[in-house]
Amino acid sequence: MLRIWKATINSRNGLAFAFRSEQAVREEIFALLASLPLAWFVGATAMRAVELVCAVAFVLVVELLNTAIEKLADRLTMDHDKQIGRVKDMGSAAVGVALLMAGAFWIIAIIERLGFL
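Counting in the working numbering, the sequence shown runs from 4 upward without gaps.
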């Protein structure tokens, strides 16, 4: 039980640090909070609403991982390094793919709600 408590504290600390230091994390947390009520209006079913919220939460998860990669890379060296730049670009690409996925889920759900699917 102590291990679970310590892991929870570490997770809270990581999220708090990311929230304080990264504008993208703040925006995605806001989007997640906004998605909670919106998903119930957009989703045709309860399961669809849960899927929509999870799609936004997935973007936040990928952003947190990308932030961790960037912070670690910056800790290794602040000098321009082509390989580290590529790693950062791949992390950014992962966020972009997650955003496209979430957007597609929401667009499809809206089309479904309007009765076109």
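Accuracy of the hints is not assured; some may be wrong.
Keeping only pairs whose Cα atoms sit at most 30 Å apart, straight-line, the calculated DSSO-like set for lysine-lysine is [unchecked claim]:
hint	residue 1	residue 2
1	LYS91	LYS74
2	LYS74	LYS9
3	LYS74	LYS85
It should be emphasised that the hints constitute simulated quantities derived from the structure, not laboratory data.
Values in this document were obtained by computation on a predicted structure and should not be read as measured data.
Structure-based check of all given hints:
A distance of roughly 10 Å separates the Cα atoms of LYS91 and LYS74; the hinted pair therefore holds under the 30 Å criterion. Simply put, LYS74 and LYS9 have alpha-carbon atoms about 22 Å apart, close enough for the 30 Å limit, and the pair holds. Our distance criterion of 30 Å between C-alpha atoms is met by LYS74 and LYS85, whose separation comes to about 16 Å.
Against the hints set out earlier in the document, no violation occurs for any number.
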